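J.: Protein chains in written order, with our numbering: chain E, 1 to 486; chain C, 487 to 625.
These aren't lab readings, by the way, just hints derived from the structure by calculation.
From a predicted model like this one, the values you see are computed outputs, not experimental measurements.
Misleading hints may appear alongside valid ones.
[Claimed, not checked] Covered stretches of chain E, as calculated for chain C (at least 3 residues, CB under 8 Å):
#, region
1, 36 to 45
2, 66 to 79
3, 225 to 232
4, 235 to 241
5, 257 to 271
6, 431 to 442
[What the hints assert, rightly or not] Examples of chain C residues toward chain E, derived with CB under 8 Å:
#, residue
7, T524
8, P527
9, V580
10, I607
The beta carbon of each residue, even a glycine, is placed where N, CA and C say it ideally should be.
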Amino acid sequence: MNDQSMTVRGKDRYRSGVMEYKRMGYWEPAYEPRDTDVIALFRVTPQDGVDPTEACAAVAGESSTATWTVVWTDRLTAAEKYRAKCYRVEPVPNSPGSYFAYIAYDLDLFEPGSIANLTASIIGNVFGFKPLKALRLEDMRLPVAYVKTFQGPATGIVVERERLDKFGRPLLGATVKPKLGLSGRNYGRVVYEALKGGLDFTKDDENINSQPFMHWRERYLYCMEAVNRAQAATGEIKGTYLNVTAATMEDMYERAEFARDLGSVVIMIDLVIGYTAIQSMAKWARKNDMILHLHRAGHSTYTRQRTHGVSFRVIAKWMRLAGVDHIHAGTVVGKLEGDPNTTRGYYDICREDFNPMRLEHGVFFDQPWASLNRMMPVASGGIHAGQMHQLLDLLGEDVVLQFGGGTIGHPRGIQAGATANRVALEAMILARNEGRDYLHEGPEILARAAQSCTPLREALDIWKNVTFNYESTDAPDFVPTPSMAV
Amino acid sequence: MRITQGCFSFLPDLTDEQITAQVQYCLDKGWAVNIEFTDDPHPRNTYWEMWGLPMFDLRDAAGIMKELAECRRVYGDRYIRVSGFDSSHGWESVRISFIVNRPKEEPGFRLDRQEQRGRNISYSTHAYAAAKPEGERYG
């Protein structure tokens with residue numbers, strides 16, 4: 001690509017009128033990003049006939065200081081510092097007409113500790129910019145200096161495990177089904193059965209708030225009866241994600257406080273409440289010893305298509321800064337979108353203290369997390385006990401595996417479904433730790449465990465042929481893309 | 487009832503051979519193995535009694551199994567658990583924990599409900615066995 005700076009300098013730079021972005025100082029191929037710069041990587045698809053370098057410079061300009069024409073008031077500022085600088089443009093492999101633009105932003109452009117402020121710049125006006133056909137934010141490098149201005153996950157994986165007294169295995173959950181229509185009393189029944197049967201958590205669905213069939217206080221009261229009964233029946237700590245999503249912050253605080261007063265260890269919010277509300281709830285959760293579960297409701301509207309929107313890996317980074325403890329991050333083998341390599345990248349962003357650049361996982365930058373707490377990824381949607389070896393291999397140990405249909409749909413009832421999942425999980429962990437090749441011997445390990453566990457045998461029989469193998473719509477650009485996990 | 491704390495409570499009780507394999511897994515990871523016992527199985531009883539210090543320097547599964555046998559000889563009527571502790575930065579906590587010994591009878595827990603204002607209920611959980619003094623609870 002064009003590697004010459006075209007920046008006009010001195011008095012001519014500020015002559016009134018329209019000037020190309022690449023000549024205004026937003027294209028600086030010699031610029032070396034500083035350790036404290038925020039870096040964004042965009043996938044830019046210019047309109048036909050638009051020079052790619054100019055399009056990428058325009059993205060830098062429109063996401064920082066520029067407007068459509070030269071303004072003399074730039075000269076009242078240290079304008080060169082505040083201009084975002086596109087320093088590298090390269091064609092996207094196998095995607096004619098699309099370009100990766102690397103853009104560096106000075107740290108002073110951002111308010112400390114505010115996702116709202118960060119996103120208002122980086123994904124503000126620029127996504128509607130007419131000279132672009134499409135624009136996607138692929139990844140960001142967040143400097144340590146900026147990371148340290150955020151609280152991070154309220155609880156974190158280690159403390160969550162300590163509080164729950166659960167170590168050495170993935171946690172197990174289930175979303176209560178049907179999603180809508182159960183009364184509080186019936187809803188609590190599902191929670192009780194699932195927890196007593198062996199799950200650690202049950203979960204409200206994203207759209208369970210306070211509807212005519214079940215107002216929120218009814219749900220909380222019956223759910224906590226169920227949690228406490230299950231705890232006494234098993235001697236184990238149990239939790240249910242009480243969704244506190246509501247119309248206003250005041251409502252959400254009211255619900256969260258009620259959940260706390262009833263002794264819940266965890267509450268839940270939806271991504272659609274917005275970044276500021278998420279940060280507020282994360283602070284509340286830290287202050288009230290509460291695990292904060294985030295359901296990524298709505299994300300697929302902007303994360304799923306490769307050409308336009310925001311990659312989920314960026315959302316995951318923002319949410320780790322914002323301070324949630326759990327985040328849905330894909331299952332690979334389940335019913336919802338997610339190719340194995342990309343999903344691996346998301347999981348690393350949630351759980352590692354340092355992410356090295358790994359293009360094959362869609363991770364474009366080294367990302368230090370500077371001891372910010374780790375987020376527990378949640379795998380939910382179309383998974384069942386028969387996939388336990390694959391899930392453990394793909395997703396590892398620090399994850400919540402949520403079997404909704406795979407628990408509640410069990411032919412002998414919810415407790416049986418929960419027990420099947422728990423036995424399958426423990427058998428697989430035992431085998432893995434013994435050094436067995438559990439991925440390949442998985443079906444055999446499960447069959448063996450099922451000999452002393454009828455519910456597991458029934459689960460394996462009923463769901464043995466269920467798979468969701470469709471081609472992914474979002475996969476890394478740098479490797480051949482497997483369309484399924486196995 | 488059967489309390490289901492720990493990693494493997496839904497499986498049949500582990501044999502010594504199986505426990506040895508899990509201990510070896512911990513040692514291979516560089517974790518310190520710890521043996522603890524209690525006769526108060528309340529789910530929020532974090533601090534079980536330690537059978538000596540965590541075995542930071544013992545790198546041999548057979549040695550740990552000998553300690554476990556000794557612990558069982560003295561406290562065989564109580565719950566005993568084995569855990570692996572990872573001191574590496576960013577974790578500095580337990581990595582795995584599983585029960586290796588149980589009392590013959592596990593009477594379980596009583597759930598008390600205290601009705602409060604409105605429909606609020608305050609819950610508390612009591613191990614039936616813990617009504618007696620420590621050391622006299624099982625067997």
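J.: Run through the hints listed earlier and report the numbers of any the structure violates, in increasing order.
T.: 1, 2, 7
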